[in-house]
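Chain residues, written in single-letter form:
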Amino acid sequence: MKVKLTKSATPLVTIMLALFPALAVVAGEKAEDNYRTYCWQCHGMNGDGNGINVRDMSVQPRDHTYGKEMASRSDDELFMAIKEGGPAVNKSVLMPHWDGIFSDEEIRDLVRYLRQRCQCEHGKY
Amino acid sequence: MSAARKLVVPIVGIGLLVALIGLPAQADNKGMEILEARCSGCHDLKGPAPATLKELWARKGPDLFYAGNKYKRAWLESWLQKPKRIRPAGYFYVDHIKPTEDGDVIDKSTLKPHMALSAEEAHDVAEALMSLKANSHLITKGEYKPGKISLTMGEMRFDKFRGCMACHEIEPGYGGLSGPEVYTVARRLQEDFMMSYMRDPQAWDPKIFMPNMHLREGDLEKFVHYFRALSEEDFE
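The listed protein sequences correspond, in order, to chains B and R.
All residue numbers for the first sequence refer to my numbering, where the first residue is 1 and numbers rise by one.
All residue numbers for the second sequence refer to my numbering, where the first residue is 1 and numbers rise by one.
No lab work stands behind these hints: they were computed from the structure.
Beta carbons are placed, not taken as given, at the ideal position from N, Cα and C, and that holds for glycine.
Partner residues are not named here, just some residues of chain B that face chain R (Cβ under 8 Å, in silico):
| id | residue |
| --- | --- |
| 1 | Glu29 |
| 2 | Asn50 |
| 3 | Val54 |
| 4 | Leu94 |
| 5 | His97 |
| 6 | Trp98 |
| 7 | Gly100 |
Here are the in silico distance ranges between beta carbons for each label pair:
| id | chain 1 | residue 1 | chain 2 | residue 2 | range |
| --- | --- | --- | --- | --- | --- |
| 8 | B | Val59 | R | Gly41 | 39 to 47 Å |
| 9 | R | Thr152 | B | Val59 | 14 to 22 Å |
| 10 | B | Glu32 | R | Lys112 | 26 to 34 Å |
| 11 | R | Ser109 | B | Asp56 | 17 to 25 Å |
| 12 | R | Asp200 | B | Arg55 | 23 to 31 Å |
| 13 | R | Leu111 | B | His122 | 36 to 44 Å |
| 14 | B | Ser103 | R | Pro62 | 24 to 32 Å |
| 15 | R | Lys84 | B | Arg55 | 18 to 26 Å |
| 16 | B | Glu32 | R | Arg187 | 33 to 41 Å |
| 17 | R | Arg216 | B | Val59 | 17 to 25 Å |
Let the sequences and hints guide you as you build the complete structure.
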């Protein structure tokens, strides 16, 4: 019974995807891929704040691998910084807003990814 | 024999007619032929822009399917004959960087010069490119009203207030490297395009790594004034 249902659903899903290609994107991109594409330019390939753009920046990008400092931020603060930019958490305008590109779910994934990079949690390092 | 001759005459006639009608569009066609044969491997001439990271990563050069709404024709024609790098870290910076002890650097060995065209080819290609006008709904013709801003004030806005300089060079060797240089942007791009692009880069290119900077409407025009002032400087 279950198998039958799944099978008959397949063409339906295919048609839906063909009609609404946007549905295929809704799932979002992997945090690691988003980080590489959008964050490397400033935070660097190693996530340590040494990207190609930093030479003439008056405030240096956060070192995302520095557990001690990253642990002093709550998940909500990291979420806000990514979604609404540095000024939303009293930090520099050089950290831009990313709400025009990511869904909230993708930003939550990025926060989880940053926690892996710093091997830290809020208040725990 | 005579039947064949009867056929040949009208065919030649029609051929001549087609050639005559086709004449005004000829430059366009020649340009379009070059674009399709020699450029379409790296440049998208049809759209739409990448909607996923996979598509973004596969893109080899700037999309040209809205070239007629983006570039200044005179610039196209001269750049195509003597191309000069616009993005210090290549088109997609991720493909052209490497980590070092002192942080990431551009891997210059991965950057290739752009092909150049003859004067005649460049003329025809520029003509053909100007006819590619997707996304017209994003452009408000005449939206930009010329005005002035001092270089000092412009730089203050571009760097301190808005943080744009993190990704864009405002003179050779000064500024960020992942985006295109802005000291030549007013020579390259139409003013109304710049207004629209800065207002919402993702409307043009959903996955591009310039974020929506949430600029106020009044900021847009001031940035274009600044770019125009920069483009009058001689940095060579």
